[in-house]
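Asker: Heads up: the protein sequence lines correspond to chains Y and W, in order.
Note that the numbering used here has the first sequence beginning at 1, numbered continuously upward.
Note that the numbering used here has the second sequence beginning at 1001, numbered continuously upward.
The set of hints was computed from the structure by calculation and includes no laboratory data.
Take the hints with a grain of salt, since some may be wrong.
Derived coverage of chain Y by chain W (criterion: at least 3 residues anywhere in the stretch with Cβ under 8 Å from a Cβ of chain W; other residues may be distant) [to be verified]:
1. 69-79
2. 140-149
3. 177-189
4. 218-225
5. 292-302
Glycine included, C-beta positions come from ideal geometry on N, C-alpha and C.
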Amino acid sequence: MPELLASPPLPSDRMFINLGPQHPSTHGVLRVGLTVEGEFIVKAEPDVGYLHRGIEKLCESRTYPQCVVLADRLDYVSAMTNELPFCLAAETLLGVEAPERAQDLRVIVCELNRIASHLLFFGTYGIDLGAFTPFLHAFREREMVLDLFEALCGGRLTYNYIRIGGVMKDLPEGWGDLCRRFLTHLGERLPEYDELLSFNPIFLDRTREVGLLDRRAAVSWGMTGPNLRASGVDYDLRKAAPYCGYGKVAFDTAVGKRGSCWDRYYCRVREMAQSARIVEQALGGLAAGPVMAKVPKVLKPPPGEAYAHVEASRGELGVYMVSDGGASPARVHVRAPSFLNLQVLGELLVGARIADVVAILGSVDIVLGECDR
Amino acid sequence: MILDERFWPDAVWKGRWSLPRYRNGALWIAGIALGAAALGAAVGEVGRFGSPAQHWIVRHCVAYGGLLGLAPGLTTSAGDLLWILVKTGLVITVVSASPVFLVWWERKISAHMQSRFGPMVCGGFHGWLQCVADGVKLLLKENITPDAADPWTHRLAPAVAVVPALLAFAPVSFGRELSAADLDVGTLYVFALAGVSVLGLMMAGWGSGNKYSLLGGLRSTAQMVSYELPRSFSVVPVLMFAGTLDLTGIVEAQADWWTLPLTGIAFLPRWFVFYPVVGQLAFAIFLIASVAETNRVPFDLPEAESELVSGFHTEYSGIKFSLFFMAEYAYVLLASCLAAAFFLGGGGAPLPWLTFLPSWWWFLAKVLVMVFLFMWFRWTFPRLRVDRLMDLNWKFLLPWCFANIAFAGLALMF
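Sequences and hints are given; from them, build the entire structure.
Answerer: Here you go:
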């Protein structure tokens, strides 16, 4: 009589916990409604929209160059990669193409921004798991990227550097050498990061068996970027559909095996090294010439629609733009990777412990500015 | 360009590791060590003042009591009581003031581990007054009791957490003849009292009326009750070797040196941490369990900031919050004192020719080393998960404790 031998489940009360919108580990203003039984999660409902600023709607009343400024405010941790699809879409509508040097510069700034963004992830993920020191180590290096951007365009968080038809201006003198100095420095620090966090036994214990997401689930949830690659799907827009100067550079995509939190984490750490490689090559093979194509003062693209997508730090960032022939787009829609990646939380969190919530949430690496728009 | 690349880490480090910087740093450290040693040698054993001071107090009590026509028996007791109050006051003052120093130290240490400076302004010299300023700020802050809280539980919890921490220092011997109370069962007393604080944390978690606090309180209960066991058992081999529960007696049992054969030159103190295998194992377990008992990283689950939003003390502010803070640092200090007493020979000098420095000096040095170890852990490790924490305790530490006791028994037999 096996049913008699099995002990009945202990009666326990379910408790509802609001994780956020004000919580140190929600990376912004995300709210997750957690139903817990003791330390275990029974149900998780991510609730987004606390940072909704109506950027897509605002674009409809702005000129095209002004839309690029708004794009900076989407994923504020990697603003450069947000400007790019806006510009690409507008360029497609206008039928212009950025000169080759501008294309190369776009690659350089986007990859530097990816490094900065992943450094932020590295640091905050450490904090999520209780290690505070990696955060400040990562910020030390991130500061250098921000310095480089400041020297390049004056901005440290929102740049407005990539413009429709090219980039704002050429590299200042000596910038390339400074950039190489940063890359050397980063190359020396990355093994340190592995020592400090990646292969720390406690860290491995916290992340290796947690938040497993197989290939099939990752694809069917529409995940992209490092989150998808960590599950073993080798899909990277920079390779699958090269844009700008990505066809010219050689690099490897970091692909994980099991889609655990650690895989997602380590994919990003390895991507930093690859991004550094790309910047190095792009700096070496920088084409000569102008950095801005000939575009009219007032942009009025002919009626039509365009979709441009790039591999942003968090996944595939797409911009769909419709023009009615006016000075501002008739409709703009952003396919935000954070929004789509976030949806998986409802599945990943069930059965996890409360302590694992932050490990899983952190490993998906969301930016609410982009998610809520 | 706007950029000032002189402040980039690679440029800064190039300067830092140059010879002059190295030399200056070494000179500073040597200077501080020499100064501290000179101070210690000049002051000498503080414990020698104890007995005369007691006699002085008792004599005056008897004299003034006699003027009032009180019997000498009564006034002698009154004098003894006064002396106990003085000793207690001293210990409580030192222990309650220590967080100010420890927090400053922790800030500086963590800062330098993270390529920062930490506080640099307040007080002039490396921000040494910062924690005093913070203490004043905490005292002046509004004392909030949430509506949802159980007011009395909420109010009492910090006191219940901090009082045992202070009481537990009574039998700790800070040096030769420097303990507030010479208890025969000192070890038992310390461990018993240290276990009471968990009640305070649980009351805080329960009484705050906050779900995160409740989780933190429950976690702390499970954790601290569990880690009491390996912590107490890891000390059993020490007690077996020393043959006493008295902390002073345990220190005395270590006051000798192993000598080289033939020459008779002492090379290693007979501290319990140097007892082969048994000593090191016991020390490691004691250290791990102590970190867990003090709720510090990597075992800071009850207050896990990123998960439970500071856990049991989420709803505390002002002086009540600072009492919890004080309890944590008092326990760090207590654990360091105990580690020094149980395993590092208390106030004993490492080598015979170093005995010119008084015992309190050595004790302080050892305690500070242990405190540094605690801080080093905190700023290096991530946090363990709650089930792993229990696994580590019940499936690893505790079995090894029992094995260690058996080893110690074997060692004593042969």
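Asker: Would you mind marking each hint as holding or not holding in the structure?
Answerer: The hints, checked one at a time:
Look at the stretch 69-79 of chain Y against chain W: 0 of its residues bring a Cβ nearer than 8 Å to a Cβ of that chain, fewer than three, so the hint is violated. Note: the stretch 140-149 of chain Y has 5 residues with beta-carbon separation from chain W under 8 Å; the three-residue rule is met and the coverage holds. Counting residues of the stretch 177-189 of chain Y whose beta carbon lies closer than 8 Å to any beta carbon of chain W gives 5, which reaches the threshold of three, so the coverage claim holds. Closer than 8 Å: that is the beta-carbon criterion, and the stretch 218-225 of chain Y has 0 residues meeting it against chain W, so the requirement of 3 is violated.
Look at the stretch 292-302 of chain Y against chain W: 0 of its residues bring a Cβ nearer than 8 Å to a Cβ of that chain, fewer than three, so the hint is violated.
Hint compliance for this structure: hints 1, 4, 5 are broken, all remaining hints hold.
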